[in-house]
Amino acid sequence: MDEIITLDYGSGGKKTARLIENSILPALSNPALNALTDGAILGDLVFSTDSFVVDPIFFPGGDIGKLAVCGTVNDVAVCGAEPKYLSCSFIIEEGLPMAALSRVIASMKAACAQAGVQVVTGDTKVVERGRGDKLYINTAGIGFLKYPGLSPAKLREGDAVLISGTAGDHGTAVMLARSGMMQTELTSDCAPLNRLCAAILDTGAAVRVLRDPTRGGVATTLNEFVEGTSLGIELAEGAIPVRPAVKAACAMLGLEPLYCANEGKLLCVAAQEDAEKLLAAMRALPEGENAAQIGVVTANAPGKVLMKTALGGRRVLQKLAGAQLPRIC
Amino acid sequence: MPSAETLLREIRALPLGDVRIMEVCGTHTMAIAEAGIRSLLPENVKLLSGPGCPVCVTPAEVIDAVLALSMDKNLILASYGDMIRVPGSTPGDSLQRRRALGADVRICYSPMDALEIAAKNLHKEVVFLGVGFETTAPGTAAAVLAAGERGLKNFSVWSMLKTVEPALRALMGTEGFNVQGFLCPGHVATILGEEGFRFLPASCRMPAVISGFESGDILFALCRLLMQIADGEPRLENAYPRAVRPEGNRLAKAMMGRCFAPRRELWRGLGEIPASGLGLREEWAAFDAEKKFGVTVGAEKPTACRCGEVITGMREPPRCPLFGKRCTPEDPVGPCMVSSEGACAAWYKYQIP
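Line by line, the protein sequences give chains A and B. The opening position of the first sequence corresponds to residue 5 in the numbering used here, with each subsequent residue numbered one higher. The opening position of the second sequence corresponds to residue 5 in the numbering used here, with each subsequent residue numbered one higher.
Calculated from the structure, these hints are not laboratory results. Misleading hints may appear alongside valid ones.
[To be verified] Below 30 Å or equal to it, Euclidean Cα-Cα: the simulated DSSO-like pairs (lysine-lysine) are:
1) K308/A x K353/B
2) K158/A x K353/B
3) K308/A x K77/B
4) K353/B x K312/A
5) K138/A x K77/B
6) K77/B x K312/A
7) K138/A x K329/B
8) K128/B x K138/A
9) K251/A x K353/B
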């Protein structure tokens with residue numbers, strides 16, 4: 005049977021990794037790309053790109069425009085760089101109300117102002133009705149490297165694993181908006197994280213790596229930190245901040261908060277002795293007010309992420325395999 | 005409810021030899037794995053997953069027939085998400101793949117969603133894949149009854165619904181079956197009531213406890229079940245009284261009865277079991293997708309997948325030769341690996357090797 009692309013390949017989990025390794029890297033390989041970080045590090049420059057195809061384009065807490073700015077800003081910022089300039093391409097399906105586009109652009113303007121970046125180049129394309137879905141946006145971003153050397157390869161046994169706030173808000177809010185099923189207070193966490201990254205790195209703490217756990221969620225990002233290495237991560241279930249509404253909605257929809265996308269959260273691994281200082285720095289900002297230590301780096305489970313459950317049991321937390329699917333009952 | 009520590013201490017203190025407990029609900033399978041309950045129990049207590057995941061007991065040949073139907077250009081196939089990635093007898097061929105090839109496959113949370121799709125697409129046929137046990141059967145019946153009232157002629161249900169009691173009876177009659185107690189499914193019991201599981205102690209001398217789904221509920225029910233096994237007096241206990249009444253949900257049962265009649269059904273791993281499926285009654289034939297589209301299911305083909313042995317408790321998932329090698333959640337061979345409630349998926353996903 006001929007292999008074809010299914011939605012699983014876009015989930016940010018194992019199949020996405022396989023697509024990149026088997027189909028993209030062999031042809032386009034070069035040192036900057038091969039590092040497979042959120043952004044390419046080119047001397048003092050950091051360069052990153054991301055495409056946004058979210059459905060619906062407006063959701064509680066944000067829209068595709070805000071997401072397109074924040075997503076790329078965050079990918080640049082977690083590399084230890086100060087994001088400065090963005091490019092922006094719109095692929096618009098004919099029939100999109102002009103008012104909707106204006107609303108998206110206004111929201112991009114606000115997000116750019118908040119993040120302190122400018123859109124300096126761009127492109128627009130319009131496709132026939134039915135050959136796109138309302139609006140897709142691609143952004144690319146350039147930043148200047150300020151804190152070099154962040155890398156999962158820097159992890160050491162005993163390091164602290166921190167999160168800047170509650171897990172799973174964005175993915176759950178979008179799924180709820182899509183299903184049209186429930187009215188909740190739940191909103192996406194979509195926000196620029198460059199200020200939070202700078203606050204963390206300016207403490208001078210021994211920060212090993214920063215990452216924003218978008219597609220595939222916290223579980224997938226943590227797995228990426230340790231896979232193929234001699235270290236593992238052990239999480240304490242009770243320590244992971246998850247909003248009760250997210251927990252409840254995920255239980256109903258058959259999703260798991262730790263696999264749901266975040267668009268305004270950071271994972272940070274740092275020396276344990278700096279954990280309190282870093283948590284204080286994060287909590288001083290609204291985007292880090294629910295920051296918490298959720299686990300430690302361990303040598304006991306090489307290459308794996310383990311979860312100590314609320315009951316005291318232990319289990320593995322895998323990378324996301326494919327798109328999360330709603331369940332029967 | 006006593007704390008987890010107290011329950012575990014009580015379990016460890018029980019005078020028991022090797023005990024094998026079977027849970028027969030996919031939600032229990034996942035909850036047990038997710039809470040790491042196996043890692044907390046003493047070594048003499050083994051937890052097995054029975055035929056409790058409705059997707060896992062659907063034969064590959066039925067999926068093949070579904071895949072064939074999905075390519076009908078005038079048809080929308082509505083299904084619960086669990087079915088989307090289940091392969092037929094050709095690994096990799098699934099509704100997800102068919103959707104990428106152009107089939108119109110929609111994921112629903114409820115049969116009523118499928119009914120609304122039908123109401124909005126009157127020029128197309130909408131077929132809902134009715135999968136599940138007594139838990140989803142009443143909702144499926146409600147959709148058929150509503151379609152009848154609204155005169156939605158483009159809506160039909162392909163019933164793959166199954167019932168728990170005949171399957172458990174067949175399972176207990178299987179050669180080599182070695183289980184000392186059942187953790188009974190709280191969801192099914194909410195519909196059937198305690199009475200739906202009385203046959204276990206009464207006619208099969210099998211200890212049984214109805215359990216809820218929080219990790220504490222499960223641990224409590226396990227403790228009750230092990231105490232029963234230790235004292236040698238099989239009985240039915242309801243450890244989920246906040247949801248399960250002795251008589252169950254009469255309205256739901258009446259709806260099921262109006263819409264469905266028992267029929268022979270083919271189960272993966274268990275074969276054909278008399279009166280174990282729910283087919284649409286003759287008066288609802290207009291909404292019966294099997295009749296409407298003349299669906300035929302091919303003969304069972306041999307496969308290397310040991311799902312059948314897994315769901316009868318004969319084999320733990322890692323002892324299937326395909327487990328974790330040719331069969332993984334991203335490229336599943338058997339339904340136990342793909343369903344979010346499958347024993348193999350739970351094991352692969354959560355178990356520490």
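Going down the list of hints, with the structure as the test:
no.	hint	result
1	K308/A x K353/B	12 Å, holds
2	K158/A x K353/B	27 Å, holds
3	K308/A x K77/B	45 Å, violated
4	K353/B x K312/A	15 Å, holds
5	K138/A x K77/B	25 Å, holds
6	K77/B x K312/A	49 Å, violated
7	K138/A x K329/B	41 Å, violated
8	K128/B x K138/A	24 Å, holds
9	K251/A x K353/B	19 Å, holds
Violated hints, in rising order: 3, 6, 7; the structure is consistent with all others.
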